[in-house]
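Visitor: Residue numbers (UniProt numbering), protein chains in the order written: chain A, 1 to 131; chain B, 1 to 945.
I should point out that these hints are in silico values taken from the structure, not numbers from a laboratory. Positions of the beta carbon are idealized from the N, C-alpha and C atoms, including for glycine. Don't take every hint at face value.
Claimed, not checked - Which residues of chain B face chain A? A partial, calculated answer using Cβ under 8 angstroms:
id, residue
1, L601
2, V609
3, R629
4, L630
5, T646
6, D654
7, A656
8, T658
9, V662
10, V664
11, A673
12, P678
13, L696
14, G700
15, L780
As the list claims (entries may be wrong) - According to the in silico footprint, chain B covers these stretches of chain A (three or more CB under 8 angstroms from chain B):
id, segment
16, 3–15
17, 25–32
18, 38–44
19, 60–68
20, 83–95
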Amino acid sequence: MSYEFLVASAIGVLVAGGIYLALRARTFQVVLGLTLISYAVNLFLFASGRLVVGRPPIWDKAVSQYTDPLPQALVLTAIVITFGMTAFVVILSLRSFLETGSDHVDGDNVPCDAQDGMAGSTAEDGEDTRP
Amino acid sequence: MAIALTLLTLVALPFVAALAIALLHGGGRAVHSSIAAGASAGGLALLVMLTPPVLGGEVPSASWAWVPALGLDLTLMVDPLGLMFAGLILGIGLLVVIFGHFYLYAGEATGRFFASLMLFQGAMLGIVIAGNVLLLLVFWEMTSLASFLLIGFWKHKAEARQGARMALAVTGGGGLALIGGMVLLGVAGGSFDLATILERGDIVRASPLYPVLLGLILLGCFTKSAQFPFHFWLPHAMAAPTPVSAYLHSATMVKAGVFLLARLWPVLAGTDLYTVTVTSVGLTTMIFGAVVALFRHDLKSILAYSTISQLGMLVMLLGFSLEAAALAAVLHILNHAAFKAALFMSAGIVEHETGTRDIRRLGGLAKAMPITALIATLAAASMAGLPPLGGFISKELMLYETPKLALLGLPWLLPVLATLGATCSVGYSLRLAAHLFFGRPREAEPFARAHDPGAGMWAAPALLTTLAVLLGLVPMLLAGPLVGAVAAAVTGAPAPEFDLALWHGVNLALILSLIAVAGGALLLWQHKPLLAAWERASLPDAKRIFERAFAFADKWVRKAIVATHTPSLQRMLLASFSVIVLLVIDGARTGGGMLTGGRALLPATPVAVVAWVLLIAATAAVVNDSRNRLRVLIYVSVIGLVVSLTFVQFSAPDLALTQISVEVVTILLLLLALNLLPKSPPLLSTASRKWRDGALAITGGLLVGGIAWAMLTRDPGPSIAAYHLANAKSGGGGTNVVNVILVDFRAFDTLGEIIVLGIAGLGIFALLESTATGAAGARLRAWRADMPHSPERHPMMLVTASRIVLPLTLTVAIYLFLRGHNQPGGGFIAALVAAIAFLVQYLAAGFDWSDARKRFGEHQLIGWGVLVAMATGLGSFLFGAKFMTSTFGYFTLPLIGKFELASAMLFDTGVFLTVFGAVMLALAQLSHIAQRAARAARKSGEGGA
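All chains should be built: construct the whole structure from the sequences, respecting the hints.
Guide: This is the structure:
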């Protein structure tokens with residue numbers, strides 16, 4: 001087991017989970033999916049500086065080897081922006097739920113699944129989920 | 001320098017006045033109108049100062065570089081043409097302000113009115129004294145926008161909104177064409193400096209771009225000056241208050257197109273293409289407008305079509321490409337401004353005093369309002385071109401020029417058609433005066449109300465009519481030098497010999513003029529049968545065509561959207577993910593190469609493997625158990641924790657700190673949202689759908705994981721990291737290279753990101769603020785807490801602990817902030833920690849208790865944060881450095897010892913404020929809405945019990 005394998009496979013698993021959840025019909029799951037994808041993207045960006053153990057980019061006279069600080073700076077703001085995006089999407093889905101009474105991604109009355117031509121999906125997906 | 005200052009003041013005065021009026025919008029009508037009048041009078045005084053040198057042949061000008069790379073300079077110049085137009089804009093502007101003061105009622109939004117009027121005045125002034133064609137475009141667009149505000153001033157009226165929108169669509173659309181034309185003109189002429197372009201007419205006309213740029217520029221001029229077939233916006237713009245109509249349609253807005261034709265005359269005129277196009281468009285418009293004006297009943301509509309007709313005549317004269325015709329156009333611009341503004345104001349007076357503008361309901365008003373009748377009749381006579389008024393002279397000059405141009409090879413065609421237009425002009429002018437002021441009153445009610453207004457209202461039109469009369473009686477004395485100089489400026493050659501007088505002996509022009517007057521009288525006599533015939537003929541209505549074209553475009557855009565979009569987010573995402581996956585597969589297939597590179601791998605510790613297993617398991621649990629939403633949040637936080645540990649392990653302490661604090665805030669946010677969302681919704685998808693999505697997800701995961709693996713097992717390419725590492729301490733004054741990159745090397749990026757975060761916070765506020773009403777409000781009121789609640793609302797232990805923790809956490813935040821430049825920490829992390837400290841108070845003691853005790857507003861924090869960061873960046877300009885250049889120094893204080901201060905820390909303060917404000921705004925709002933919903937539910941529960 002190498003660190004490289006652990007990180008790469010973790011990124012892959014997060015992406016797979018994220019895509020699957022983003023394709024669900026409920027807003028909250030889509031938010032979770034975006035969260036997982038964001039983790040994966042941030043890790044991927046960070047990994048573009050390669051994995052380096054014990055060489056933080058804190059400048060010191062005595063040290064000559066550092067990890068690449070640039071991906072870190074980019075990822076730091078990306079993490080904060082991710083929060084902003086997640087918060088916005090969560091609130092958007094909350095507002096949409098409050099407006100339509102449904103937490104389906106397409107609102108209450110959009111017969112999207114019926115249009116897909118997938119037999120049997122309509123009854124379940126269109127179910128009323130009001131608390 | 002004095003000249004430069006004068007010119008700058010001249011163009012800036014109206015804008016300053018607009019700003020002042022807008023700031024004093026509560027000040028009342030007198031305050032607003034006196035500021036506007038003061039600014040117009042001040043500008044007029046500056047112009048009077050400039051007049052002797054300009055007429056003496058000087059061209060005062062000044063230039064400042066603005067965007068030199070684009071050829072855009074802030075160049076101002078006053079030549080005779082600009083001087084005449086500026087005089088009209090300011091002079092008639094002053095009269096319109098005075099008239100408007102009395103026309104508007106004290107309760108109306110006079111602040112908005114006069115502020116928009118001044119904005120418009122400034123934009124018009126800018127057009128006429130701009131010395132750079134790109135600068136001219138800026139002002140040109142500004143007039144379209146300002147006129148939109150003015151035409152739609154009475155925004156509660158549907159026709160005002162429609163009129164404003166139509167004017168903006170037509171003139172703004174023409175403006176787009178003009179931008180293209182002017183840029184091509186600059187390219188063809190090799191410069192964007194107006195004076196230079198004007199000298200390069202031969203080069204421009206010989207350029208292969210000439211037909212294109214001519215077409216585009218003419219499109220801009222014709223739309224602005226309401227030339228057929230773009231005329232239809234002008235009558236609909238009459239929904240504006242009458243002072244606006246008087247201003248826009250006598251001296252300013254519609255004259256901008258004529259001005260530009262005159263301005264670019266030396267460059268564009270003279271070719272067959274120009275002459276034929278401009279002359280025929282102008283001629284068509286002149287006849288068309290005059291005929292329609294004959295059969296209109298609304299006073300302002302008659303004046304609108306007469307304006308279209310008169311503009312057509314001006315455009316036609318400029319289209320002749322003859323010096324003498326240009327001179328006639330210049331004189332007629334003066335005449336038209338005087339009599340048309342007077343007529344619009346008279347129409348406003350009639351409406352103001354009788355309550356109607358319908359000429360079929362009025363008549364015989366000369367008895368009831370003799371002063372208005374005198375003013376308006378004289379102005380109408382000038383419009384008709386009757387001697388001894390100014391309009392007569394310019395119309396004679398026009399008719400005198402017509403035989404010089406053989407349209408379609410027929411030398412008699414143009415004189416005949418021009419005389420036809422003139423005949424109709426006489427007709428509608430006579431009808432306006434005769435049906436309004438003479439004969440018997442057609443209806444009793446408006447007549448009974450009618451009386452002359454106070455002197456404040458008729459003074460302005462009276463002055464203008466006096467000018468119109470004097471322009472006929474003593475034209476050489478009043479306007480001779482000006483007209484000569486302006487004509488020379490238009491044509492770029494010495495003015496031709498000219499003599500403005502009423503009597504030139506019997507010549508063709510006089511005969512044509514007599515025919516026109518006789519014909520006009522005939523039209524008035526036979527108006528009734530002609531009107532009946534006109535109304536029987538059903539003619540296409542330009543407005544309806546315009547609306548149909550809009551509806552047509554709307555329909556097809558809608559069709560295109562439906563064809564390319566789907567209303568289902570699921571399907572859109574499925575398509576997007578599938579396409580991306582296919583593209584990556586294709587890339588991997590064609591790219592070739594080995595998956596695993598040659599970089600030496602790092603062996604993992606057992607602890608790392610355990611963390612990895614945790615992450616995989618948590619992800620699987622999130623996917624599998626996504627219906628139990630509260631439990632899912634715990635799994636998500638496990639993932640976040642492992643990601644933070646990953647950052648710790650791989651030399652990224654800053655990231656670890658950020659991730660862990662963001663994690664706390666995110667989970668809090670999701671918890672709060674989940675309080676209102678359904679907790680465990682029923683089964684969602686069919687098995688087949690799950691398999692399909694699952695297959696896609698696994699493919700995507702394998703691909704991304706594979707790419708990550710391929711990347712991680714290869715050595716990185718050349719990096720710019722070395723530069724950052726080498727210069728962080730010496731150039732940025734900090735040893736934490738990540739922080740120095742954020743606040744110094746790439747501070748501009750960071751500025752953008754905190755602005756995005758601030759906007760997200762404000763967007764959340766906007767989304768939540770309005771939930772109390774409408775369907776959302778009803779649902780919130782119907783909301784019932786569906787979770788078991790603690791019997792204690794605010795547990796004692798938690799409250800006490802949170803209050804002890806608050807100062808400690810804040811101290812940690814300050815510590816992290818201060819050391820951020822040199823050690824892991826900084827504005828982002830400190831802001832998140834501080835936000836957590838406050839959010840804990842909200843959690844423990846409730847929203848009301850905490851909100852009542854906090855001493856900051858989140859909106860202000862976001863705003864101040866961005867401002868501080870921006871000001872730090874701009875501050876470097878003061879020291880002659882580039883944007884966002886930072887500086888630092890070392891200081892010694894007793895007790896604390898030697899410490900470092902860097903300007904980047906001030907920037908980091910801005911980051912701190914914005915991030916803190918945005919996080920607090922999002923979460924406090926969300927907890928607040930939950931609170932409100934709970935309270936509303938409690939209230940309705942009590943009401944029901």
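Visitor: Hints first: check each against the structure and report whether it holds.
Guide: Evaluated hints:
| no. | hint | result |
| --- | --- | --- |
| 1 | L601 | holds, 4 angstroms |
| 2 | V609 | holds, 6 angstroms |
| 3 | R629 | holds, 6 angstroms |
| 4 | L630 | violated, 11 angstroms |
| 5 | T646 | holds, 7 angstroms |
| 6 | D654 | holds, 6 angstroms |
| 7 | A656 | violated, 10 angstroms |
| 8 | T658 | holds, 5 angstroms |
| 9 | V662 | holds, 5 angstroms |
| 10 | V664 | violated, 10 angstroms |
| 11 | A673 | holds, 5 angstroms |
| 12 | P678 | holds, 5 angstroms |
| 13 | L696 | holds, 6 angstroms |
| 14 | G700 | holds, 5 angstroms |
| 15 | L780 | holds, 6 angstroms |
| 16 | 3–15 | holds (count 13) |
| 17 | 25–32 | holds (count 8) |
| 18 | 38–44 | holds (count 5) |
| 19 | 60–68 | holds (count 4) |
| 20 | 83–95 | holds (count 12) |
Violated hints, listed in ascending order, are 4, 7, 10; each of the other numbered hints is respected by the structure.
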